[in-house]
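For the record, the sequence lines run as chains F and V.
In terms of the numbering used here, the first sequence has 244 at position 244, counting the first letter as 1, and numbering is strictly consecutive.
Count along the second sequence from 1, add 1000, and you get the number used in the numbering used here.
If you're looking for bench data, these hints aren't it; they were derived computationally from the structure.
Mixed in with the good hints, there may be bad ones.
List of simulated lysine to any residue pairs, SDA-like, C-alpha gap at most 20 Å [stated by the list, open to error]:
| id | chain 1 | residue 1 | chain 2 | residue 2 |
| --- | --- | --- | --- | --- |
| 1 | F | K158 | V | G1120 |
| 2 | F | K174 | F | K158 |
| 3 | F | K345 | V | A1273 |
| 4 | F | K176 | F | Q109 |
| 5 | F | K176 | F | L192 |
| 6 | F | K158 | V | A1273 |
| 7 | F | K158 | V | E1112 |
| 8 | F | K345 | V | E1112 |
| 9 | F | K345 | F | L305 |
| 10 | F | K345 | V | V1274 |
Facing chain F, a subset of chain V residues (Cβ under 8 Å, in silico) [as the list claims (entries may be wrong)]:
| id | residue |
| --- | --- |
| 11 | S1111 |
| 12 | W1161 |
| 13 | I1172 |
| 14 | V1235 |
Now the in silico label distances, taken between C-beta atoms and shown as ranges [said to hold, decoys possible]:
| id | chain 1 | residue 1 | chain 2 | residue 2 | range |
| --- | --- | --- | --- | --- | --- |
| 15 | F | N237 | V | G1120 | 34 to 42 Å |
| 16 | V | R1289 | F | N227 | 16 to 24 Å |
| 17 | F | L360 | V | I1169 | 28 to 36 Å |
| 18 | F | R347 | V | T1055 | 46 to 54 Å |
| 19 | V | G1187 | F | L360 | 30 to 38 Å |
If you're wondering where the values come from, they're calculated on a predicted model, not measured in any experiment.
In this text, a Cβ means the ideal position worked out from N, Cα and C, and glycines have one as well.
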Amino acid sequence: MSSLSPAAAVARPRTTVPRWRALLPLGLRLLAGALLIVALWWLPEWLEATVPRTRFLRETLLPGLLVYAIFAMSLDLLLGYTGIASLGHAAFFGLGAYGAGILATKLSQDFLPATLLAVVLAAFGALLIGAVAIRARGVYLLMLTLALAQVLWAAADKAVWLTGGSDGLTGVPKPKLPFLESLFGRSLSDPLGLYWLLVLCFLLALGLLVLIVHSGFGRVLVGIRENEARMRAIGYNTYAYKLAAFVIAGALAGLAGALFVFTRGGLTPQQVYWTTSGEVLIMVIVGGAGTLLGPAFGAALILALENLTAVPLLRELIAGSALPEFLRAGYQGTPLQATVEELAKRRLLVLGVVFILFVLFARQGLAGLFRPLLRGVWPEARLLLAAALILIIVAARLDAVWLWLPVGVLVVPSLAWRFARKLTRPRPAPDPRGAPSGSAPAPSNEPL
Amino acid sequence: MDFILDLGFKLLIGLSYSMMLFLLAMGLSLIFGLMDVMNLTHGSFYMFGSFLGLTAGRAWGGPSFWLAVLAVPILLGVVGMLLETTLLRSVYKRGHLDQVLLTLGLAYVASEAAVWIWGGGQTRTPEPIPFTASVDVFGRQFPSYRLFLIGCGLLIALAFWQFEKRSRIGAIIRAGVTDKEMVSGLGINITRVFTLVFAVGVALAGLGGVVAGPVLGQQTNMDLNIIILTLIVVVVGGLGTLKGAFVGSLVVGLADSLGQVIIPDFSNFAIYAVMALVLIVRPAGLFGRPDV
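Please build the complete structure, drawing on both the sequences and the hints.
In structure tokens, the structure reads:
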């Protein structure tokens, strides 16, 4: 989970910690990554076991979640890292989706050329729109990107011969990628095979963003976000950097678009309309702008809130889940169920209240919620926490009850002890340089 | 000749549309320009105004509608003042993203509340007496209520223009848009001025909702659609100036109605094209200052 806060690891003074502890951040990242992969690997089968009757969840919602995670992470490179608020990101998503979809329908079903075309088209669109839009700033930029994206929406809506107009593009075939299909042992027209392809693309996009954010280029982007005038004064061509960020973000959105059209088998101009841009913007803010994985979780939360609040689905989820019997009895047929189902019908109310609660109680979105949980604990304890989570998932996966034993015996008491010590000790004064407190002992050998 | 008459007719329709937009844009522009606050609840006030006008207009026809025209802005102004002092004020320093999330959340809740109170579906406020009939303009039937809207909008624009130009509070607002630190450094309680601007702004949005009801009616998502339109107006005109809001409303309203005559296929797209053109040529709107 520490990959939610890349800055924390970088800001830690490395010279003063023992060598084995200096490796901890890396170990934590690897563990968090492993945890993510295990969870992604396990989710479809868990859904199949929990809600066998609802194919919607594992064949539409889950792939959609990964697609929107890539989409939201790409926007976060602009919004969170560069400080460019764009309300036209759906244009690049749409360029990618239409590009890949039309190529797959009319020419070849190969995955790679279609996706390559999608990425190149989206990057080119981002180059054109970005070159014009980033001259404005603030709300003007927001509205200019909106206007330019609406141009593309109007084109998609009117060019019936190419895009199918307002009926949308339909009947896009499932992609083919022989190399991966033999590796997976599954065809990409099998939902699970396609899902694994999506997981692969998600991890690739995440890896690319990790590299970008931690590179010198990424540091310059953060510098532009914090103070563009100063970066320009130092001598950086901030326009070029912002445009480059715009193009990279657009290209990734194009990738997400291509994956979208392959999972859904089509798309409508609605996906290019500004409401889609607004939705993904909200995903980034809810997840935590300026964090790597935050927007992915934001996308998951928003999509879950929008889709799981259908009453029949809710009932099936509760009935099929592995909840203890007494909990289920305390829910089914009680006023609680009636209240929950009444709320589920008022989707906007739920979304609205969640947004308000986030602003009031969770600065920096979901990522901000995780951070105090993790920051209060020593790095070793975080390692334990991650190990415990992996053990729990593997235990549940293998139905191996004995694996719960080490979790219970080792991890929980030691975590509790660490927390207790942390709470009883006085908090160190906040570091004026903004280094996270409590993550490492303060350096004591600074030159006098 | 027929085309010219058609154009003139559409021009009048566009003008009345502009005046409705102006009632919303004036408040939003000042709220944005003065405190740099992204307020997406503005459309919700418009929506509540529209629904309250509908209820009043259906009650006993004309007279109760005019009662709503007077009472709704006051009511919504008070609600706005409460909202500003309790919730919104806490996010002024936290940047646009948090403001967008908070006000969008509030707008969603308000939208759900409106559906709960008034039910969904499309409705339209009945035209109040004495503006139920049509008059003869350019040889065509023109709804007299739209003429009332044009007059009403021009009157309010004139009143507020004079107020901003001559009154002490108007001077404070103009100074605050330029440099609010300096204004509060001079000993002026800018927070209180802002509460006033916010209350008046949303009251006008509510009034806009009431008077637009007989023309635009009520539908689902009306609050979000109108807030995007209003943002377009505000951005075209430039933040923080009455003049900008007025000219922006004219540009957007006329672009919309003339677009239906000149490029009927792309009519719902004309305003976006106009906004893109304006912002490409002037990245801070027609009357905005580039550095604000």
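Do the hints match the structure? See the list:
1. F:K158 <-> V:G1120: violated (30 Å)
2. F:K174 <-> F:K158: violated (26 Å)
3. F:K345 <-> V:A1273: Violated - the C-alpha atoms of V:A1273 and F:K345 are around 37 Å apart, more than 20 Å.
4. F:K176 <-> F:Q109: Within the cut-off at roughly 6 Å; holds.
5. F:K176 <-> F:L192: holds (14 Å)
6. F:K158 <-> V:A1273: holds (15 Å)
7. F:K158 <-> V:E1112: The given pair, whose Cα atoms are some 33 Å apart, is violated under the 20 Å limit.
8. F:K345 <-> V:E1112: holds (10 Å)
9. F:K345 <-> F:L305: holds (11 Å)
10. F:K345 <-> V:V1274: The hint is violated at about 39 Å.
11. S1111: holds (6 Å)
12. W1161: Violated: closest Cβ of chain F sits about 24 Å from V:W1161, beyond 8 Å.
13. I1172: Result: violated, 23 Å to nearest chain F Cβ.
14. V1235: With a closest approach of 4 Å, the V:V1235 hint holds.
15. F:N237 <-> V:G1120: 34 to 42 Å: At 52 Å between Cβs, range violated.
16. V:R1289 <-> F:N227: 16 to 24 Å: Given about 20 Å between the Cβ atoms, the range holds.
17. F:L360 <-> V:I1169: 28 to 36 Å: holds (31 Å)
18. F:R347 <-> V:T1055: 46 to 54 Å: violated (25 Å)
19. V:G1187 <-> F:L360: 30 to 38 Å: Holds, at about 32 Å.
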